[in-house]
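2 protein chains.
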Amino acid sequence: MSKPIRVIQCGLGDIGRRAARLVLEKSSLRLAGAVDPRFDGRDLGRVLELDRALGIRVSDKLSAVLATTKADAVLHCTGSTFAGVHGQFAEIIRAGLHCVSSCEEAMFPFYREPKRAAQLNRLCARHGVSVLGTGVNPGFVMDTLATIATAVCRRVDAVRVLRVVDAGTRREALQRKVGAGLSEKEFRKRAKTRQIRHVGLGESLVFIAEALDWDLTKVDETIAPVLSEKTIRTKHLTVTKGQAAGVRQVATGWRDGRKVLELELHMYVGATKPRDEVTVNGIPPMRVVVEGGTPGDEATPAILVNCLPRVMEAKPGLHTMLTIGLPRAIL
Amino acid sequence: MSKPIRVIQCGLGDIGRRAARLVLEKSSLRLAGAVDPRFDGRDLGRVLELDRALGIRVSDKLSAVLATTKADAVLHCTGSTFAGVHGQFAEIIRAGLHCVSSCEEAMFPFYREPKRAAQLNRLCARHGVSVLGTGVNPGFVMDTLATIATAVCRRVDAVRVLRVVDAGTRREALQRKVGAGLSEKEFRKRAKTRQIRHVGLGESLVFIAEALDWDLTKVDETIAPVLSEKTIRTKHLTVTKGQAAGVRQVATGWRDGRKVLELELHMYVGATKPRDEVTVNGIPPMRVVVEGGTPGDEATPAILVNCLPRVMEAKPGLHTMLTIGLPRAIL
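Just so you know, the protein sequences line up as chains Y and Z, in that order.
At position 153 of the first sequence the residue is numbered 153 (my numbering), and the sequence of numbers has no breaks.
At position 285 of the second sequence the residue is numbered 285 (my numbering), and the sequence of numbers has no breaks.
Hints are not guaranteed to be accurate.
For chains that are exact copies, the list does not tell them apart, and a pair is met inside one copy or across any two.
To be verified - When the alpha-carbon atoms are kept at most 27 Å apart in a straight line, the in silico DSS-like pairs for lysine-lysine are as follows: (1) 273 with 177; (2) 230 with 315; (3) 115 with 3; (4) 218 with 26; (5) 26 with 259; (6) 26 with 115.
These are calculated hints, taken from the structure and not from any lab test.
Because the structure is a prediction, the values reported are computed rather than measured.
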């Protein structure tokens, strides 16, 4: 086996901590440093709730870690918007490190931030490194899997993806994020100010369109509460009858007046039959189902970590899941 | 849109003719030439049973077409064994053309023919072109799809793929290939001399192992007839009770005494519940199902054609589905 990839974990929220723990499990990776102002100065082993110290002191500054740590790549888990993280990407690139990020908008940055994305792409090329945004959603089920299902089609007329997640089985932050336990009024208020939403559905939609070389003439996104028909208690909160149990979010894409893409996400407490369903209308038609659905809390750190070698072997640049080698589990 | 890719169709059997017809449907491709000794001198439009001539005369010699045709890539559908086609690949590479091939063993040539594969890889690099073997099976359902399902796993303990095909719905050549209508004795005789078999199951197995960086300590392949419990008439033949309806073929892979890969193909007349099922034992476990199964006759030419741009944009070399960009439908 080749030399282990030395990884800096940037961001130690729930996903970041899970990713760091997974790096420790992988024989092909080595944890080299960590950044998070919330844990400045603490030993990473303690922050990860291991039974031992790791001898890696968490720093509050990315620049300091980049300057003092011998590493190959950064696992980046600090934010959801490309506008919020592109400065961190630039620092990482200038330090000559590759980067895999959980930033939802970075999964297809050319959509909302084409100019900044183009700049970062050039910066990557100049420094000989690559950056990729990925995850389970966006990053896998509603975009990459949907796209690869079309590989066996002579013709594709429309693609539809349905993801149903029982938020009641997920971590507290996610249950709060989808508005579980709020009144309908409060839900709509927060949805309006974008405090409640799944980030990345639009990215998934535009990713598929780009993959299929489709010029979309219209893109639309809606969000609505799913109101609970009964009282449900999760480990973290209670949803009473009539309150929001979570979201039903839909992104649609049109080509010349015809609806060709529809991504529908149901993420609420008490959702039944969790699953991911890809339906390709075309010749031949295809229906690909992930039975039980891809479990985000486990799978998101996994795909981030698994993509590290793929990013490092890619041509330098700002990548998407379209332009790296086939994503797969690593040792 | 960029300039159309000019394609030479090499091999005009059933899959080759379907592939050529599909090239004609695609706005991003242009059919530039055709080779098949069986149709030497005939107009390609007639061979493809179109209602018009195409002004493309089928040649009996690949070398002649390569020498006289302005083209970018070859769609290659002439044979199943790498030993049988690698000379044609070398001709194509030396002519400076890319190649996508339906040759089953070319889907992972490093398995049975590592030396010849390495030679061709070097030849590709020297001439700045790429070659890829792909298809539906091998090429997609039992290997590529199984591999990408592991991308969201922290740990993979074992991968199992089951493909069930009702051979009764497929073309005559395939029904004959799986031994439908033979006595059990005749089936076993022909299976022994490898006249009856699905080619490529071992390739799919080794592809997954390579993808997951697993050193297999043992690989095993078995083939047995599925005997019909009743008389079944297809469009092309009749299977009476007790005769072979088709094959049950299994490839297994072990790592250190533990069975970690199992690919099972049921391809027989009258098979019920056709489907492709990928089961990943791991954390999290994954179960991905193509409902109804991926229909090979339609889908094989589709994936060949769809991979043309992916091969052309790849780094020069002998590729597998692991090293090209994400496979998807093209316009």
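Which earlier hints turn out false for this structure, listed by number in ascending order? Violated hints: 2 and 6; rest satisfied.
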